[in-house]
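*Asks:* Given the coordinates of chain A, work out where chain B should sit on it, guided by the hints.
2 protein chains.
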Amino acid sequence: MKTFINPNQSTWSTLLKRPTQTIDDIETTVTQIFDDVQRNGDQAVAKYTQLFDGVELDSNSVTTKEVELASSNISSELKQAIQQAKQNIETFHKAQQTETISIETTIGVTCWQEKRAINKVGIYIPAGSAPLFSTVLMLAVPAQIAGCKEIVLCSPPNKEGNIANEILYAAQLCGVTKIIKVGGIQAIAGLTFGTESIPQVYKIFGPGNQFVTVAKQLATKYGVAIDMPAGPSELLVAADKSANASYVASDLLSQAEHGADSQVILVSDSQDFVEEVQKEIDKQVKDLPRKDIAKNALKNSKAIIMEDANDALSLINDYAPEHLILCTNDNDFFVANIQNAGSVFIGNYSPESAGDYASGTNHTLPTNGFSKAYSGVNLDSFTKAITFQNITKEGLLNIGNTIELMAEAEGLQAHKNAVSIRLKDLK
Amino acid sequence: MKTFINPNQSTWSTLLKRPTQTIDDIETTVTQIFDDVQRNGDQAVAKYTQLFDGVELDSNSVTTKEVELASSNISSELKQAIQQAKQNIETFHKAQQTETISIETTIGVTCWQEKRAINKVGIYIPAGSAPLFSTVLMLAVPAQIAGCKEIVLCSPPNKEGNIANEILYAAQLCGVTKIIKVGGIQAIAGLTFGTESIPQVYKIFGPGNQFVTVAKQLATKYGVAIDMPAGPSELLVAADKSANASYVASDLLSQAEHGADSQVILVSDSQDFVEEVQKEIDKQVKDLPRKDIAKNALKNSKAIIMEDANDALSLINDYAPEHLILCTNDNDFFVANIQNAGSVFIGNYSPESAGDYASGTNHTLPTNGFSKAYSGVNLDSFTKAITFQNITKEGLLNIGNTIELMAEAEGLQAHKNAVSIRLKDLK
Numbered sequence: 001m002k003t004f005i006n007p008n009q010s011t012w013s014t015l016l017k018r019p020t021q022t023i024d025d026i027e028t029t030v031t032q033i034f035d036d037v038q039r040n041g042d043q044a045v046a047k048y049t050q051l052f053d054g055v056e057l058d059s060n061s062v063t064t065k066e067v068e069l070a071s072s073n074i075s076s077e078l079k080q081a082i083q084q085a086k087q088n089i090e091t092f093h094k095a096q097q098t099e100t101i102s103i104e105t106t107i108g109v110t111c112w113q114e115k116r117a118i119n120k121v122g123i124y125i126p127a128g129s130a131p132l133f134s135t136v137l138m139l140a141v142p143a144q145i146a147g148c149k150e151i152v153l154c155s156p157p158n159k160e161g162n163i164a165n166e167i168l169y170a171a172q173l174c175g176v177t178k179i180i181k182v183g184g185i186q187a188i189a190g191l192t193f194g195t196e197s198i199p200q201v202y203k204i205f206g207p208g209n210q211f212v213t214v215a216k217q218l219a220t221k222y223g224v225a226i227d228m229p230a231g232p233s234e235l236l237v238a239a240d241k242s243a244n245a246s247y248v249a250s251d252l253l254s255q256a257e258h259g260a261d262s263q264v265i266l267v268s269d270s271q272d273f274v275e276e277v278q279k280e281i282d283k284q285v286k287d288l289p290r291k292d293i294a295k296n297a298l299k300n301s302k303a304i305i306m307e308d309a310n311d312a313l314s315l316i317n318d319y320a321p322e323h324l325i326l327c328t329n330d331n332d333f334f335v336a337n338i339q340n341a342g343s344v345f346i347g348n349y350s351p352e353s354a355g356d357y358a359s360g361t362n363h364t365l366p367t368n369g370f371s372k373a374y375s376g377v378n379l380d381s382f383t384k385a386i387t388f389q390n391i392t393k394e395g396l397l398n399i400g401n402t403i404e405l406m407a408e409a410e411g412l413q414a415h416k417n418a419v420s421i422r423l424k425d426l427k
Numbered sequence: 001m002k003t004f005i006n007p008n009q010s011t012w013s014t015l016l017k018r019p020t021q022t023i024d025d026i027e028t029t030v031t032q033i034f035d036d037v038q039r040n041g042d043q044a045v046a047k048y049t050q051l052f053d054g055v056e057l058d059s060n061s062v063t064t065k066e067v068e069l070a071s072s073n074i075s076s077e078l079k080q081a082i083q084q085a086k087q088n089i090e091t092f093h094k095a096q097q098t099e100t101i102s103i104e105t106t107i108g109v110t111c112w113q114e115k116r117a118i119n120k121v122g123i124y125i126p127a128g129s130a131p132l133f134s135t136v137l138m139l140a141v142p143a144q145i146a147g148c149k150e151i152v153l154c155s156p157p158n159k160e161g162n163i164a165n166e167i168l169y170a171a172q173l174c175g176v177t178k179i180i181k182v183g184g185i186q187a188i189a190g191l192t193f194g195t196e197s198i199p200q201v202y203k204i205f206g207p208g209n210q211f212v213t214v215a216k217q218l219a220t221k222y223g224v225a226i227d228m229p230a231g232p233s234e235l236l237v238a239a240d241k242s243a244n245a246s247y248v249a250s251d252l253l254s255q256a257e258h259g260a261d262s263q264v265i266l267v268s269d270s271q272d273f274v275e276e277v278q279k280e281i282d283k284q285v286k287d288l289p290r291k292d293i294a295k296n297a298l299k300n301s302k303a304i305i306m307e308d309a310n311d312a313l314s315l316i317n318d319y320a321p322e323h324l325i326l327c328t329n330d331n332d333f334f335v336a337n338i339q340n341a342g343s344v345f346i347g348n349y350s351p352e353s354a355g356d357y358a359s360g361t362n363h364t365l366p367t368n369g370f371s372k373a374y375s376g377v378n379l380d381s382f383t384k385a386i387t388f389q390n391i392t393k394e395g396l397l398n399i400g401n402t403i404e405l406m407a408e409a410e411g412l413q414a415h416k417n418a419v420s421i422r423l424k425d426l427k
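Residue numbers (the numbering used here), protein chains in the order written: chain A, 1 to 427; chain B, 1 to 427.
Bear in mind the hints are in silico, worked out from the structure with no lab data behind them.
In this text, all values refer to a predicted model and were calculated from it rather than measured experimentally.
Fair warning: there could be bad hints in the mix.
Partial list, derived from the structure: chain B residues whose beta carbon lies under 10 Å from chain A [as the list claims (entries may be wrong)]: (1) 101; (2) 175; (3) 217.
List time: in silico DSS-like cross-link candidates among lysine-lysine, alpha-carbon distance up to 27 Å [as the list claims (entries may be wrong)]: (4) 424(A) - 393(A); (5) 279(B) - 427(A); (6) 149(A) - 17(B); (7) 241(A) - 427(B); (8) 115(A) - 94(B); (9) 241(B) - 424(A); (10) 393(B) - 279(A).
Note that the Cβ used here is the ideal one computed from N, Cα and C, for glycine as well.
For reference, chain A alone in the conformation it holds in the complex (with noise of 0.2 Å):
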């Protein structure tokens, strides 16, 4: 990690840069499969599944049998776990329901909103080295208190043509409707134009690698929401002496440990702590399983040493990170005046992990400076807000010729007219 000692506004946006990614060679392969599945749909979707997981399936669909072998497959601690997790996020997601709003803006007109569930969603869940079930809590969850129809959950099946035990668990437990065995791109394309084991849906949502965030991106020109662009996962930890160095190191290398490009950065008041941190980092990543990944990840990140709190504060707000950690003794001030940011962890006691898992927030989160302008994940991205109106006789003759003037200045007759024709009636 190196250090930046008070680094002048204009050096920012370089010091703070994410590690770059190209995506424009990977569009064309993208392209390519979105059109085969498009045109082919299982076939084209067997194909691929057989080309990148390197598998031939009897059937793409997860039956109830396999997902009851899953679950008898797992340790009753984890499902332990899993249920305390499930049952905080539900807690903090059932906590963001809305009422209707509804108001009298002129006698006689009145408007309201009400949010209404997205009927179709689709939920990715990447496989890899392990199974990131977490992430099926994350999605599933909010998906059903708000009512989403069908939740079909997509995740590359294994060499053995199987969909890790825990993913299977967690997607029943969450109300997930369809399970099937597709990933990469050619599951998004499935999801975008439907094929006939896979359902068409209105929104995407999940995380996945370079191919699957470009077909996520393709998939909106179809017309397909997504929850939002995704990126190498980041952490910004601000903490002064007041901190605990091996639990910042620690939070550290959580993040590190995620992918090489993975950005960690850490900005203190001390030097003295900073180098704290540091000598607990080469300490605690000795010992990790992933030590390999978390070393190159580190490689990318900084430790910027900021006197002034003012400009801590102005930092954190242009970097707009994805996690930020809170670990000062004037939390208080971060937490008032923080614009952009996606998930905010306060004090001592609050890892990074927490929100990963168990604590209720949502984990699913804007990358790459993207807190900016996007939320996380919650509950209002599975539903829709839909206006209505109701206008009396009264409230039309109290806006009637408001609408007409401004209608009339706008070059729009038959708008006019839509209220002229009734204000006739009504005079």
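*Replies:* This is chain B only, laid out in the frame that chain A set:
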């Protein structure tokens, strides 16, 4: 308007198909202009303004003097109308403000969600035959309520190098912080990358032609959010014999005059009523200044007889109209069960024009079936939700073991360590 009687569900997708748009050939142009603006800033912008708008400007920026002059050129009658519309829009969007949502998910684990403003937003207002100043109200009013610090409005200059008086008046009335004379692809590129005169923003709002639409889509690749993908405007009216045929005809025409690619659909249980409406359309269309546009749009348009209300509802949800007018003797049934629509107008005295201008609801709505997954613009469009969590020692003792087990099962040892290292001190 062609009439279809009780069409079979298998034919709906063909029947309800939107007029197609081909955007592929536009993409090359858009990409080229983006590259040029990214590299050459204002110089490139000026070049395209000369090319597309046919005017050479000394300066892009609108001065306070220009705004004052514009204001003095607007009739006090129109000013009053704009102010009434603004007040209703303000009332409805202020009602959408939400409190912090805070909950203790487990003892010692407090999670909360707060909405914070998107600091820099761009508003695009097209120019054309007439100044669409109502869109300024629809976008700047909620931006100001949300607390966006920079509200940048871009609109193409006319041949004399000016933006319409009404747009300038509405902009200053609604707290726009900067007005720039720039349109089309070069405006969206400027807002995406920033130039000497155009501030870079985090999210771009507003309608536009196909070039602007493709440019906004490209902006998302560079990490700039957009309000929603756009398409031609559309209206579905569900009406029975309890409705007034001349009112319904006026509403259909108000949508049809937008553009030849606008789509209007009438759903009714009565063939007689449809014929009445058709007669009224023929009568009313004659006097419209934009009758040629309206007539062309009507060619794409359909009357669908649905004898069964449940079938009608299914068809409407399948189509997912941007605007939905309900004039039936059982509007409550449709209101309760509609799943997909942008904005709904209820009863004989709620024409779409009311929502276009002055009732208080927003007129920036999802077209092209996007209301299956997207909300119309609302207050939340100008904010993002940030989550926070504060976990006490007791809280971490309560959920620590769950985190450890789940992290272990996901093969993320450093995630587990971040908890274990703390629990060791606490136990």
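*Asks:* Give a verdict on every hint.
*Replies:* Taking the hints in turn, this is what the structure says about them:
1. 101: holds, 5 Å
2. 175: Check failed: Cβ of residue 175(B) comes no nearer than 19 Å to chain A, outside 10 Å.
3. 217: holds, 7 Å
4. 424(A) - 393(A): With Cα atoms ~11 Å apart, residue 424(A) and residue 393(A) stay inside 27 Å; holds.
5. 279(B) - 427(A): Cα-Cα ~25 Å, so holds.
6. 149(A) - 17(B): holds, 24 Å
7. 241(A) - 427(B): With a Cα-Cα distance of about 23 Å, the restraint between residue 241(A) and residue 427(B) holds, given a limit of 27 Å.
8. 115(A) - 94(B): holds, 17 Å
9. 241(B) - 424(A): holds, 21 Å
10. 393(B) - 279(A): holds, 25 Å
Checked against the numbered hints listed earlier, the structure breaks hint 2 alone; every other hint is satisfied.
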